[in-house]
Amino acid sequence: MRRSITIILVILRKEFLQIFRNRGMLPIIFIMPFIQLLILSNAATFDVKNVPFHLQDFDRSSLSAKLAEQFTGSGYFRLTGESFGSTQAIGELVGRRADLVLVIPKDFERDLEVSGSAPVQLVINAEDGFSAGVIQGYTSQIIADFNREHRALFSAAGAGRVFPEIRIKSSAWYNPELEYSHYMVPGILVILVTMVGLFLSGMNVVREKEVGTIDQINVTPVRSTEFIAGKILPFWIIGLGELSLGLFIARFVFHVPMQGSYLLVYLVASIYLLVVLGMGLLISTVTETQQQAMFIAWFFMVIFTLLSGLFTSIESMPHWARNMTMFNPVRHFVDIMRRVMLKGSGLAEISRPLLILCAYAVAMLSLAVNRYRKVSA
Amino acid sequence: MADAVIHTENLTRKFGAFTAVDAISFSIGRGEIFGFLGANGAGKTTAMKMLTGLLRPTSGSASVAGFDVRSEPEKIKQNIGYMSQRFSLYEDLSPKENIRFWGGIYGLDRKTLREKSARLLEALDLQEAADTRLSSLPLGWKQKLAFSVAQLHEPKIVFLDEPTGGVDPVTRRRFWDMIYETADNGITVFVTTHYMDEAEYCDRISIMVDGRMAAIGTPDALKDEFGVSSIDDLFIRLVRPTPIE
Chain A
-6 MRRSITIILV ILRKEFLQIF RNRGMLPIIF IMPFIQLLIL SNAATFDVKN VPFHLQDFDR
54 SSLSAKLAEQ FTGSGYFRLT GESFGSTQAI GELVGRRADL VLVIPKDFER DLEVSGSAPV
114 QLVINAEDGF SAGVIQGYTS QIIADFNREH RALFSAAGAG RVFPEIRIKS SAWYNPELEY
174 SHYMVPGILV ILVTMVGLFL SGMNVVREKE VGTIDQINVT PVRSTEFIAG KILPFWIIGL
234 GELSLGLFIA RFVFHVPMQG SYLLVYLVAS IYLLVVLGMG LLISTVTETQ QQAMFIAWFF
294 MVIFTLLSGL FTSIESMPHW ARNMTMFNPV RHFVDIMRRV MLKGSGLAEI SRPLLILCAY
354 AVAMLSLAVN RYRKVSA
Chain B
163 MADAVIHTEN LTRKFGAFTA VDAISFSIGR GEIFGFLGAN GAGKTTAMKM LTGLLRPTSG
223 SASVAGFDVR SEPEKIKQNI GYMSQRFSLY EDLSPKENIR FWGGIYGLDR KTLREKSARL
283 LEALDLQEAA DTRLSSLPLG WKQKLAFSVA QLHEPKIVFL DEPTGGVDPV TRRRFWDMIY
343 ETADNGITVF VTTHYMDEAE YCDRISIMVD GRMAAIGTPD ALKDEFGVSS IDDLFIRLVR
403 PTPIE
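Keeping their order, the protein sequence lines are chains A and B.
If you number the first sequence the way the numbering used here does, the last residue is 370 and the count never jumps.
If you number the second sequence the way the numbering used here does, the last residue is 407 and the count never jumps.
Simulated from the structure, these hints should not be mistaken for lab results.
The structure displayed is predicted, hence computed values, not measured ones.
The C-beta atom is built at its ideal place from N, Cα and C for all residues, glycine as well.
Warning: the hint list may mix true and false statements.
Label-pair restraints from in silico Cβ distances [claimed, not checked]:
no., chain 1, residue 1, chain 2, residue 2, range
1, B, Asp395, A, Arg216, 13 to 23 Å
2, B, Asp330, A, Glu203, 22 to 32 Å
3, B, Glu234, A, Glu203, 22 to 32 Å
4, A, Met25, B, Asp230, 28 to 38 Å
5, A, Glu203, B, Asp287, 41 to 51 Å
6, A, Arg216, B, Asn202, 43 to 53 Å
7, B, Gly203, A, Phe9, 37 to 47 Å
8, A, Ile21, B, Asp365, 17 to 27 Å
9, B, Ser233, A, Ala356, 22 to 32 Å
10, B, Gly348, A, Phe320, 30 to 40 Å
11, B, Leu301, A, Ile32, 16 to 26 Å
12, B, Glu362, A, Arg216, 33 to 43 Å
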């Protein structure tokens, strides 16, 4: 046992020497992830703002002008042009100079005054279905506000009467300001830790194969478990360091709250890193060149990220895909991070995904140790 | 051979239908310098891999340093040193760091390592370069260092796989001085080479042809036996049995 620990430390020391001596590697470990964190967390947003907006006001009344003003004044829409021919508006949509066209027909004001209702047409560019949905949400809200303000005034029947009204006031729990970054940062942090861990460990053993030092290692009495442990430990330490820096940025740059305990986050991360590093070493032992290892690592990275629930909600995936995400370690860690950081979930609440990660870690490590064979059959 | 440190009997390795090593039997004694010759693809590397515990034999048996290659490969590894044709120290580490790593892997404690490291660097005249990266040292120095590193744990046998490839004759000669010194200390040296002048330096040599051992003996005895004047001629005769007219 004592001998094993000494040998593991010898490997650990050597790995650290090599990592810190590799000028190409250092920026990948320490700079790239944080640039990504800063850029992605700020840029990857579902908020729809500054939608280019085209107006066709055939009524040209004071009321139609008021409606148009509510659109432009809402902050969501930016008026890019006005026209009066029906083909022009389509040209604007096709040319992507507008994503929303508001058509106010002639006699809008008169109809509203006389009958209490008047149609308007909204044409929304739905290439991107998600944004179109959000735009539609905004427009109905603006029109509802407009109605509320003017209904009493112009309804012939309702002059002087107070209309009963149901107002829905919603409050968002666990992310009260609906800060998009609060939701994204914990998840992106997981991706960064995963990426660095998977690539570093995935490139590692295969590099020793490429330069030939693996033969030299294999003629020594070092055990597979010692070798794998010595290889995992440095990246495990780097991974946790990376997470710490990330959490620091989350707290002081993005002001993401930490409702749960940091201790729990680190506990989960230590187990999670074993999964990722075990997987990386497994890739490394079954490949012959760094390119092969890189491609396989990318393959898994892309699938894991897309099926992680980071950008798209898992609940809206088809049934089979939802089942598949259960085998995705990234999904579980993203889930746990959000729950712990935003909701303050404790060990009991996250025990299920945590157990899955534990099982995964055991499986990956035993596979990696097993696949790394010093003696060829 | 009474005190044989390597002993094989009908050692065979097949890869599918191809027989890379075909029932070779030989013994090598303590402190002997044994030259393992053969054309490329004759099965030298495969045989060496079996003897160093990297590859399991298909049939036959072999013992190295008193341990069976099939059942005790890890015990063999504690007792052998190895230096391969692909230069096998870490180029991005310094000589000192390499010594520390490889010694540590064999379980040498810090104090022993420090002493050995100092002695070794002095013997190789590498004190000034002790902390520079290996990649900036000349190949000859790196090979000498690799040979010394392979002996840090005081093995009974060192396996050298084309140790002098790519260096000049003077450096080669100095390397062989080191080999003699090692053998004088009672360590067996098992060496493969393509240089026929080096074959003459060996106590005994063997020549492999198509997986079989075509000749084995002292260089002089073999020259007499086959009626040739040099190992070079012997090699060409065995590897290409029908002389080109």
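Evaluated hints:
At roughly 48 Å, the beta-carbon separation of aspartate 395(B) and arginine 216(A) lies outside the given 13 to 23 Å, and the hint is violated. Look at aspartate 330(B) against glutamate 203(A): about 27 Å separates their beta carbons, and that is inside 22 to 32 Å. One distance hint, 22 to 32 Å for the beta-carbon pair glutamate 234(B) and glutamate 203(A), holds here, with the actual separation near 30 Å. The given range of 28 to 38 Å is broken by methionine 25(A) and aspartate 230(B), whose C-beta atoms sit roughly 50 Å from each other.
In this structure the hint that glutamate 203(A) and aspartate 287(B) lie 41 to 51 Å apart at CB is violated, the actual value being about 31 Å. For the pair arginine 216(A) and asparagine 202(B), the beta carbons lie near 34 Å from each other, so the given range of 43 to 53 Å is not met. Separated by about 40 Å at the C-beta atoms, glycine 203(B) and phenylalanine 9(A) satisfy the suggested range of 37 to 47 Å. Between isoleucine 21(A) and aspartate 365(B) the beta carbons are some 52 Å apart, a value that contradicts the proposed interval 17 to 27 Å.
For the pair serine 233(B) and alanine 356(A), the supplied restraint of 22 to 32 Å holds, since their beta-carbon distance comes to about 30 Å. Between glycine 348(B) and phenylalanine 320(A) the Cβ separation comes to about 58 Å, which falls outside the hinted range of 30 to 40 Å. Here the CB-CB span from leucine 301(B) to isoleucine 32(A) is close to 46 Å, at odds with the stated 16 to 26 Å. Separated by about 41 Å at the C-beta atoms, glutamate 362(B) and arginine 216(A) satisfy the suggested range of 33 to 43 Å.
Hints 1, 4, 5, 6, 8, 10, 11 from the list above are not met by this structure, while the remaining hints are.
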